[in-house]
Amino acid sequence: MRRKTIILFGVVLIIGLGGILMTAARYEQIDDLLIFTQVSSEDGSILFDDPDVWRYSIKARIVAVDIDDPANEVDVLTSDFYSARSPEVSYDGNKLLFTACLIENDPWQIWEMDLYEKSYRSIISRNENCTDPVYLPDGRILYSVQEKDSIGNVINAIYAVNADGCCENRLTFHPHNDFAPSVHKDGRVLVVSQQNYPNKGDQIMLVMRPDGTKAEMYYKSEEKASFMSRGWETPAGRFVFIESTDINPGNGSLISISHNRPLHSRIEHSKGYKGNFHSVYPLQSGALMVSYQESAKDIFGLYEYDLTTNNLGEKLVSDAGFHCIEPVMAVERLLPRKLPTRVDKKIKRGYYVCLNTDFSQEPTNVRGSTDNKTRIVEVIGLGGKIVDIQVEEDGSFYLELPPDTPVRFQTLNENGELIRGPSAWTWVRPNERRGCVGCHEDREYAPENIVPLAIDKKPVSLLLEEQEVRYEFGH
Amino acid sequence: MNRYIRSILFIGLPLAIMTYLFYQGQIWSVNHVSYINAGQPHPLNCISCHVTPQREGFLADLLNDSYLSPLNIAVSSNGNKLYITAQDGNALIVADVNSGKVITKIPVGNKPHSVILSRDEELAYVSNQWSNNIYIIDLIQYEVIDTIMVGGGPAGFDLDAEGKYLYVANTYTSDLSIIDLDSRQEIRRLLAGNKPMAVDIAPDEQTVYISSRRTIPVPFRTPPKTELTVVDANSKRVVDRKYITSAHIMENVTFTPSGDLAFVTLVRPKNLVPSTQVEQGWMMNHGIGVIEHKEGGRVAQFLLDEPNRFFADPFDVIFSKDGKHAFISHSGFDHISVINVDVIRELLAKANDKDLANYANHLGLSYTYVEKRIPTGPNPKGMALSPGGDKLYVAERYADQISVFDTKTYESVGQIDLGGPKKVTVVRHGARLFSNSSRTFHNQYSCYTCHPDGHEDGLTYDLVGSGRNLANVQTLRDLAGTSPFKWNGKNVSVYMQCGMRFSTFVTRTEVFPPEDLDALVAYIKRELTHPPNLYQLPDNKLSPAQQRGKGIFERTHDNYENEIPVDNRCITCHPPPNFTDKQMSNVGTIKETDDFLLLDAPNLNNIYESAPYLHDGSAASLEEIWTVFAGQDEHGVVNDMTKDQLNDLIEYLRSLGPERNYRDVIILKSEL
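Here the protein sequences line up with chains E and Y, keeping their order.
Position one of the first sequence corresponds to residue 1 (our numbering), numbered consecutively onward.
Position one of the second sequence corresponds to residue 1 (our numbering), numbered consecutively onward.
Heads up, some of the hints might be wrong.
Covered by chain Y, according to a simulated footprint, are these stretches of chain E (three or more residues, beta-carbon under 8 Å) [claimed, not checked]:
{"id": "1", "stretch": "123-136"}
{"id": "2", "stretch": "257-264"}
{"id": "3", "stretch": "330-342"}
{"id": "4", "stretch": "450-459"}
Negatives, chain E to chain Y, calculated, CB over 10 Å [what the hints assert, rightly or not]:
{"id": "5", "residue": "90"}
{"id": "6", "residue": "107"}
{"id": "7", "residue": "120"}
{"id": "8", "residue": "195"}
{"id": "9", "residue": "214"}
{"id": "10", "residue": "268"}
{"id": "11", "residue": "284"}
{"id": "12", "residue": "308"}
{"id": "13", "residue": "372"}
{"id": "14", "residue": "413"}
{"id": "15", "residue": "423"}
Hints were generated in silico from the structure; no laboratory data involved.
Glycine included, C-beta positions come from ideal geometry on N, C-alpha and C.
Using the sequences provided together with the hints, build the complete structure.
Right, dumping it as structure tokens:
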């Protein structure tokens, strides 16, 4: 009896210790894990001049390899899926988000994988394609959904969902293609955005709070460039991404901008390189991991890149049959700020105050007239003009708007002549208060410290009564 | 009764009772903490509230410590010694630069602010801000040899080239004392802005500039205008009052070595702009004022911020020996900015008035003239250069040390430990948090920005962002025992005041983690106190006017012998010791723009320091409360009073000091 007890105790002890050792070993393995996407080099599914294509690759797969021994055979993480893209690792380094379709022609959906267990679960299930998932610091998940807007245009909008898949919440409401969100250390979300209606606009980088408020332009290339991949913030506070210009579509260049002054700090790091960059990821060491091909005939491999010296290191990973793109590391990262929210869906309105419509960096459209003072602001919805409102003597106006509804503005003089506009699309979230210094003003200008005349009056309401829309916004 | 039953009774029963009490106590304390903390999750910690923030007591003393808090520095002409005012240590510290050791600590007055050496360097002058005097210290014997009484709150000062006249900015009485150092007598007192902080004499010795902290009184809801007082050094008269518009908190002023320009540090608040957002500098900007020192010279403002990064609370400004660079300490962001002065000159030379107006709000322009940002220790304040100009000394107030930087490489080359406590107590951590902008979005402002020295900035903000519920900033000094907080009395505790809603409406970033919130609250409650009341007579005696005013404050009948209803007597809502009954009232001052009907009765401690008055700051002075805003006697019965009576009442109100002076006085409402 006593012997049996000792043997039993020994077995339990060995199993326990073994379990602990195995767990520890797995932790060590995950710490050094480089995860990336492999896209077949034969099916031509990386086409850089069409983001709709490169985002929905055929038979792409997400794989992992030990960064200390990248020559080893890769571990295919998404072997159960027809195709998978856009890997993103949680801030604790333990989980992987990705977009994938289980079988051919299924819509792309968002999935999460436990990197220890290699088990995965569906985060959402929609009929539309969902791509580019990213974690918010509060545990929610952001992603882009391809859907139709209220007048039937196909757009991509950014959504948020709780980690358990509930409480899906749309965040962007303009007729744009919004995709490739990433989260900045200050807690805001950067989104690649391109106007889709009424005409195709240039791609810009939009920044907003993670509740969809305070959306504004963050960066726009002077060279009408397209973004090739998601951007990331480096530990040194620069934002790195891959850009392709109209002049040379598909020829990806490595770009960085300073978060402190994003509109005027663009550096093209890859000028000396003849090949193409596809994607980039900042490593904790301060270096970058880049996906690069030496020429259009070659496949994309993964390289380390020194941003300060612009030196492309040795090729770390390549696979003859696959382009290797979208690298990420399974490591613990600094948690961005968790920003508070004032969005309250019970309040069916938001407010917009402009301090001075005549403060602008853009030239006036008025020809042959000296009357460049704004008297009227025309509010435009998806269905066309909504209403004209009088601006105050100091150029200010104050609006009460239905929430989550895109509008644009243009300014007119006393004769009804167009001065500037129309502006970019904008929206207010429920209970949001938004402000702007001017119209198409230089965004590096802080407001002058004055009380705008409009704020001393009731806002011009575009709502009829409680919760009722006064004007047709194109829904 | 057998022994088993006895055992159960003697052991089990007390255990059961203790267990019951423990769980009941836990439930009570969870509810209590939840109430104090507005329902936000917070780990239970009785010590956080009931021990650490206490100003007295064995346990509080055990948990807290006495720090030095160096504020300003003077350097000997041979560069071997530093003289440092220790604001919380009430000492002048003499340190050996070469050994990096403290030579001696000379006890001085209350809250020493600045230090300057006589021309022969045998004497040091120290301004004691809370003692209202200047100490003269013998630097051979290291002892105080004389005291010169000046105005209230002496802060920055400067000495003329001959070492004959000392110009002292008196912060609390808003004037300038001119001291003849031969006779050691104050020979002139000149009005100087509102809360003057710093003095600098031009290199030509003809002009003296004095910079102020607060705006002069301006019409309601108009931009602040802060005075730069200009004194002629020969006549010793004020010859000009320059107003720096839309700016305040001008903590220091310094001329370039050539004297063509003077720089003042400043904050540009956006208190009138609806606070719809923090992004794009909608709450607070920080920069310098640049004054062309010549006939008809212009005043320009340049920001030190960047579009997405702000450099809060600029404090000191000094120039390199060749005048090509200016160093500016950002006490709210733990950095020094290095400015290329020639770029500033070029920008000024090509600017018209419209350009100057644009410069003042241009967040990206700093990229043209800021050459370097040097990180420092916590709360960098006063600075000094070595005689050769190769070393920059920075007083890191909340590290109790002087950091030394090479002015060519801008690298740190050492620290001088002043000998303060090494441990960072909870309260000290709170002090660091209070003065640091890292807990606001883009580091745009610290608690200190709106509450300099724990007080208030004299401005009214539109924090809701709708032109409604305008809020006059209230002092944080001597808050304990005066809850609730906010004008609408919504916050029952400082915890609630600095909690989730604070994050949503004020800091607009992540809420304070519990340990930081504990520290911040402990600091506010323990450390932030009013300076001595300048209107109080020794031993809390009252002047005849104050005595008469007290009678009016406590009166039960008006001038026509009509009994004043109890609820409409001054003392009912403002009883000692803190002169607040902590209740909500309608005093007839609610405006159409307010969404609430009742106001929390504010405490009246050192109320004379807190203009403008009323919840929205619409009363420019105490007088206006009972003249312009007297209404139908809703705010106490006052309309029967003569002008003399009102003057007496106000004289008495000005004498009301912090709770510690009145703790023996208890007046119950039922006794009235």
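Do the hints match the structure? See the list:
no., hint, result
1, 123-136, "violated (count 0)"
2, 257-264, "holds (count 6)"
3, 330-342, "holds (count 6)"
4, 450-459, "holds (count 5)"
5, 90, "18 Å, holds"
6, 107, "35 Å, holds"
7, 120, "31 Å, holds"
8, 195, "21 Å, holds"
9, 214, "5 Å, violated"
10, 268, "19 Å, holds"
11, 284, "20 Å, holds"
12, 308, "17 Å, holds"
13, 372, "15 Å, holds"
14, 413, "21 Å, holds"
15, 423, "16 Å, holds"
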